[in-house]
Amino acid sequence: MYDVIIIGAGIVGCSTAYYLSQYDLKVAVLEACNDVSMGTTRANSAIIHAGYDPEPGTLMARHNVKGALMIRELCRRLDVPYKQCGALVVGFDDKDMETIQTLYERGLVNGVEFLKILNREETHDLEPQLSADIKGALLAPTSAIVSPWELALALMEVAVENGVELKLNNKVEAISKSDEVFTVRTSEGEYHGRYVVNAAGIYSDAIHEMIGQKEFTITKTKGEYYLLDKSEGRRVSHTIFQCPSKVGKGVLVSPTVHGNLIVGPNAEDSDNTDTTYEGLQFVRKTAVRSVPFISFGDNIRNFAGIRAKNDRGDFIVEESHSVPGFYNIAGIMSPGLSSAPSLALEAVDWLKGKMELHKKAEYKETRKKVRFNQLSAEEKNELIKKDPRYGRIICRCETVTEGEIVEAIHGVIPAVSIDAVKRRCNAGMGRCQGGFCGGKVAEILVRERGISPLDVLQNQRGTNILVRELKVK
Amino acid sequence: MTELICIGCPRGCHLHVDEENDYKVTGNSCNIGAEYGRNELINPTRTLTTTIRLSGGNHHSLPVRSAHPIPKKLLFEAMEVLNHREVKAPVKCGDVVYADILNTGIDIVATRDLD
Amino acid sequence: MFDVIIIGGGPAGLAAAKKCYDEGLEKILIVERDTQLGGILNQCIHTGFGLGVFKEELSGPEFAHKYIEMLRDTRVEVMLDTMVLEINRDKEVTVINGNGYQKLQAKAIILAMGCRERSRGAIATPGSRGAGVYTAGAAQRYINIDGYMVGKRVVILGSGDIGLIMARRMTLEGAEVLACVEINPYSGGLPRNIVQCLNDFNIPLYLSHTITKIEGENRVERVTIAKVDEHFQPIEGTEIVFDCDTVLLSIGLIPENELSKVAGIELDKRTKGPIVYENMETSVEGIFACGNVVHVHDLADNVAMEAEKAAVGVCEYLKGRKSEGSVDVTTYEMIGYTVPQHIHLPLDKNKYDFFFRVRKIFGPSVIYVIDSEENVLARFNRQYIIPGTMEKITVPKVLLEKGKGNLKVLIEEK
Numbered sequence: 000m001y002d003v004i005i006i007g008a009g010i011v012g013c014s015t016a017y018y019l020s021q022y023d024l025k026v027a028v029l030e031a032c033n034d035v036s037m038g039t040t041r042a043n044s045a046i047i048h049a050g051y052d053p054e055p056g057t058l059m060a061r062h063n064v065k066g067a068l069m070i071r072e073l074c075r076r077l078d079v080p081y082k083q084c085g086a087l088v089v090g091f092d093d094k095d096m097e098t099i100q101t102l103y104e105r106g107l108v109n110g111v112e113f114l115k116i117l118n119r120e121e122t123h124d125l126e127p128q129l130s131a132d133i134k135g136a137l138l139a140p141t142s143a144i145v146s147p148w149e150l151a152l153a154l155m156e157v158a159v160e161n162g163v164e165l166k167l168n169n170k171v172e173a174i175s176k177s178d179e180v181f182t183v184r185t186s187e188g189e190y191h192g193r194y195v196v197n198a199a200g201i202y203s204d205a206i207h208e209m210i211g212q213k214e215f216t217i218t219k220t221k222g223e224y225y226l227l228d229k230s231e232g233r234r235v236s237h238t239i240f241q242c243p244s245k246v247g248k249g250v251l252v253s254p255t256v257h258g259n260l261i262v263g264p265n266a267e268d269s270d271n272t273d274t275t276y277e278g279l280q281f282v283r284k285t286a287v288r289s290v291p292f293i294s295f296g297d298n299i300r301n302f303a304g305i306r307a308k309n310d311r312g313d314f315i316v317e318e319s320h321s322v323p324g325f326y327n328i329a330g331i332m333s334p335g336l337s338s339a340p341s342l343a344l345e346a347v348d349w350l351k352g353k354m355e356l357h358k359k360a361e362y363k364e365t366r367k368k369v370r371f372n373q374l375s376a377e378e379k380n381e382l383i384k385k386d387p388r389y390g391r392i393i394c395r396c397e398t399v400t401e402g403e404i405v406e407a408i409h410g411v412i413p414a415v416s417i418d419a420v421k422r423r424c425n426a427g428m429g430r431c432q433g434g435f436c437g438g439k440v441a442e443i444l445v446r447e448r449g450i451s452p453l454d455v456l457q458n459q460r461g462t463n464i465l466v467r468e469l470k471v472k
Numbered sequence: 000m001t002e003l004i005c006i007g008c009p010r011g012c013h014l015h016v017d018e019e020n021d022y023k024v025t026g027n028s029c030n031i032g033a034e035y036g037r038n039e040l041i042n043p044t045r046t047l048t049t050t051i052r053l054s055g056g057n058h059h060s061l062p063v064r065s066a067h068p069i070p071k072k073l074l075f076e077a078m079e080v081l082n083h084r085e086v087k088a089p090v091k092c093g094d095v096v097y098a099d100i101l102n103t104g105i106d107i108v109a110t111r112d113l114d
Numbered sequence: 000m001f002d003v004i005i006i007g008g009g010p011a012g013l014a015a016a017k018k019c020y021d022e023g024l025e026k027i028l029i030v031e032r033d034t035q036l037g038g039i040l041n042q043c044i045h046t047g048f049g050l051g052v053f054k055e056e057l058s059g060p061e062f063a064h065k066y067i068e069m070l071r072d073t074r075v076e077v078m079l080d081t082m083v084l085e086i087n088r089d090k091e092v093t094v095i096n097g098n099g100y101q102k103l104q105a106k107a108i109i110l111a112m113g114c115r116e117r118s119r120g121a122i123a124t125p126g127s128r129g130a131g132v133y134t135a136g137a138a139q140r141y142i143n144i145d146g147y148m149v150g151k152r153v154v155i156l157g158s159g160d161i162g163l164i165m166a167r168r169m170t171l172e173g174a175e176v177l178a179c180v181e182i183n184p185y186s187g188g189l190p191r192n193i194v195q196c197l198n199d200f201n202i203p204l205y206l207s208h209t210i211t212k213i214e215g216e217n218r219v220e221r222v223t224i225a226k227v228d229e230h231f232q233p234i235e236g237t238e239i240v241f242d243c244d245t246v247l248l249s250i251g252l253i254p255e256n257e258l259s260k261v262a263g264i265e266l267d268k269r270t271k272g273p274i275v276y277e278n279m280e281t282s283v284e285g286i287f288a289c290g291n292v293v294h295v296h297d298l299a300d301n302v303a304m305e306a307e308k309a310a311v312g313v314c315e316y317l318k319g320r321k322s323e324g325s326v327d328v329t330t331y332e333m334i335g336y337t338v339p340q341h342i343h344l345p346l347d348k349n350k351y352d353f354f355f356r357v358r359k360i361f362g363p364s365v366i367y368v369i370d371s372e373e374n375v376l377a378r379f380n381r382q383y384i385i386p387g388t389m390e391k392i393t394v395p396k397v398l399l400e401k402g403k404g405n406l407k408v409l410i411e412e413k
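Chains as they are written, first to last, in numbering that gives the first Met the number 0: chain A, 0 to 472; chain B, 0 to 114; chain C, 0 to 413.
By construction, these hints were calculated from the structure, which means they are not laboratory data.
Be aware that one or more of the hints could be misleading.
[Said to hold, decoys possible] 30 Å max Cα-Cα, derived DSSO-like pairs, lysine-lysine:
| id | chain 1 | residue 1 | chain 2 | residue 2 |
| --- | --- | --- | --- | --- |
| 1 | B | Lys87 | B | Lys71 |
| 2 | C | Lys102 | A | Lys384 |
| 3 | A | Lys308 | A | Lys353 |
| 4 | A | Lys379 | C | Lys106 |
| 5 | C | Lys102 | A | Lys367 |
| 6 | C | Lys54 | B | Lys71 |
| 7 | C | Lys212 | C | Lys151 |
| 8 | B | Lys91 | C | Lys54 |
| 9 | A | Lys439 | B | Lys91 |
[What the hints assert, rightly or not] Chain A stretches covered by chain C per the calculated footprint, using a threshold of three residues with CB under 8 Å from any CB of chain C:
| id | stretch |
| --- | --- |
| 10 | 259 to 273 |
| 11 | 276 to 285 |
| 12 | 298 to 307 |
| 13 | 377 to 384 |
| 14 | 431 to 438 |
| 15 | 445 to 458 |
| 16 | 464 to 471 |
A virtual CB, placed ideally from N, CA and C, is assigned to each residue, including glycine.
Construct the complete structure from the given sequences, taking the supplied hints into account.
Below, the structure written as structure tokens:
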């Protein structure tokens, strides 16, 4: 019997687990996939928005501004890549400059610090690679970039170390309630709990309707991206947004915390994460309006993510109207990543109204990670002396050692696939996209997990990379 | 007259082979082409390269080849034979791992030292 | 202190080491990141190697084996399982392995890091991202080294040699290769590989086509290809759909020059490799380069020969050869690049080789070498030149001596 069952291990579920793990509670997290951060959290723009965009008074405005500050602190505590690179919203005409003025004013009301409207010269001084057609820009120095999947992972790792039970590969199939106890049936078994937090992302409406009335509807909106080689990573130093207009929200161009350049997204209603010819063409064409000389020949990966747009136009952070004890954090579209920790605290506060919460006598709040390529020569040698596997470079593009890969495989939340290893230590994230190291990571997975090569997964279940032994016995 | 691209070397000469005239080859740059053009129409052959299962060592797959080209029509049959063959490590490059494949008189040899 | 440190133990590194040794260098070190020498040759189990260097047709492992045997009883030192993290102009080589992180000092360096495969991102092929999409080389490793099959029904994108070789390999192992799809109007591979890898097995080659969609949630289930126009844009209505579980990518190779960049070595945008002189010296004195790190070759034999040139260059450099300026070698549009891009003065070799690739198929043509005053210094007739094959011309010194200023290589169809 659990005190709280969290459904979904994306950034919202992980944040909630992290904060709840500080209390004397029995908490389970049910996740359909074989790892945390497998949905929207894994595939988005990776921006921590400053908070000038949401309309004042909305939940989005409140949680964005508060969440962004929390994330800065969390990334420090949890050793997660984060960089406050600032953002520019660029304008091409008078209409855009009006929008920029509106955003500026919204930002002031929302409590965003250091906002400034720049003229054309000031904009080009900051970002010489921007189009000559730009008239001016809104500068938001507190906008930041982050590694979203590493943040989610770090939050959940600490939560697990504090006693939260993470149940991967548990797809929720039915929910019922009797005598004040929820029963959540999954593909793997049944879990009982007093309270349920629904953080199921694009499936949060379906999950809620397993037990409650229809209260909101999620529309799945696909966004497609380019991720470019590090040789393009310094094309711009701020996140470059375009003004939202009738034509659409525009496409951003931004450095990433890993040193690449990200370009996207478009927006299309779709429930799959396939990239499309038309979608990518649109992203490309729209992006070069603001940053004309992006070298798309240096693209290393395309991907698409699905955002959970809801029909209310604001976050849904509330107890279900039809099911007491069931808390929805749903429709967490942009700025969802930026807001996640603040949304999680909202859930904690709700729970405080339901039951008495006591902080544990001892709990972990921090995490430290070995990033070999960032160590000094002395530190490298020391580590290699302790374990020679840190002297074996497996991923050449990102300089990732066998030691780090083994750590990922035996971590608090063990990596079970090639992509899971990548999310934990960057192996395969570079320009060759695992062309060289994929096979070696597979080999290490086989050895460390004691599995057959035929069971090595690229990512989720069913993505086995090998189909049979070459020769019959 | 048959047109062929010579596979004797990377140059890839465009050959003409005259069946009516004792398979006379034109367009070649060397003797390999003359021989290839003629053989290709009478009895086409190919060198088979594949791997066979290796046991008792650190590696599980041994690269092998036919010491000489074998009739092209026997490629799949030869694969079938070799697919069931297993050799024990260590193996030296050049070791015969299967003698006289399909009665062609041609051996299958290891192409690498493996232990 | 090493006379020369060779970075990479594939065909280029092996041949360079052998030649350095033959030329009498004392302290030679090969640094190789794998646990064995040979590089990519070890997974290239097909024949087609050795005709140029050893006058016999060998498989990749046999070609490597010959060099490894030749080096066995020499003083050439080898560091395996060791990665070079950085080199600099002072010829310091920072390496890392299970013993630690250290700096080695050399008098000269030979870059022989080879190349890597272009991946799906480079051409932004749309679709799903499940399992079943591999670069041809990665698939080759799984199949030939690890002994596991990567799929049953295969579509190959690109007609580079590795893709063609894998078409045959997978067919022999029981897979069905449904199509080889090439965006250009000509194949990127050698003609002999079209014959013996595709035609022999009735595998259709779709020229001027590309993949426009990959479908399948967890694994590839279907791909759509379409014909492209002259701007490589898909033409609506020309789609063909294949039910398949695997896509192999053979869409080109890129010289691996991360170390060169950090060392400040000047690269050629066209080849993506270092700009080199006739002795394979880069823009940094005492750092030489050879093989696929300079420009992508079709044959390991050519790599080996280029490596020998670099080795001789190193020996001359260590003996104190001094040059007095240089001339540039430029090209006209239809010749993609030349290697070398510069020639040291004074001209002290009997003959000079120039390697290049053309940008389209040429029938009977003449290749000219002209000087800055448009005087023709040398001309070469060719019957047939294709982009898939590297072309070579050899110009005697006596002809080059007549030229004034820089050189230009151009081609005209007859």
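Checked hints:
1. For the proposed pair lysine 87(B) and lysine 71(B), the alpha carbon gap of about 29 Å is at most 30 Å, so the pair holds.
2. For the proposed pair lysine 102(C) and lysine 384(A), the alpha carbon gap of about 16 Å is at most 30 Å, so the pair holds.
3. Of the supplied pair hints, the one linking lysine 308(A) and lysine 353(A) holds, its CA atoms being roughly 29 Å apart against a limit of 30 Å.
4. A C-alpha spacing of about 26 Å is found between lysine 379(A) and lysine 106(C), which places the hinted pair at or below 30 Å, so the restraint holds.
5. Of the pairs offered as hints, the one joining lysine 102(C) and lysine 367(A) holds, with about 29 Å between alpha carbons and a cut-off of 30 Å not exceeded.
6. Note on lysine 54(C) and lysine 71(B): the hinted pairing holds, with a Cα-Cα distance of about 24 Å set against a maximum of 30 Å.
7. Annotation: proposed proximity of lysine 212(C) to lysine 151(C) holds, straight-line Cα distance about 19 Å (limit 30 Å).
8. Our distance criterion of 30 Å between C-alpha atoms is met by lysine 91(B) and lysine 54(C), whose separation comes to about 22 Å.
9. The suggested pairing of lysine 439(A) with lysine 91(B) holds, with an alpha-carbon distance near 25 Å, which does not exceed 30 Å.
10. Note: the stretch 259 to 273 of chain A has 3 residues with beta-carbon separation from chain C under 8 Å; the three-residue rule is met and the coverage holds.
11. Check result for the stretch 276 to 285 of chain A against chain C: holds, 3 residues qualifying (beta carbon to beta carbon below 8 Å, three or more required).
12. Coverage of the stretch 298 to 307 of chain A by chain C holds [criterion: at least 3 residues with CB-CB distance below 8 Å; count 5].
13. Here the stretch 377 to 384 of chain A counts 4 residues with a CB under 8 Å from a CB of chain C, which clears the bar of 3, and the coverage holds.
14. Look at the stretch 431 to 438 of chain A against chain C: 7 of its residues bring a Cβ nearer than 8 Å to a Cβ of that chain, three or more, so the hint holds.
15. A count of 5 residues in the stretch 445 to 458 of chain A with a Cβ less than 8 Å from any Cβ of chain C is obtained; the coverage claim is therefore met, three being the minimum.
16. For a cut-off of 8 Å, the count of residues in the stretch 464 to 471 of chain A with a CB near a CB of chain C stands at 7, and the three-residue condition holds.
In terms of the numbered hints stated before, the structure departs from none.
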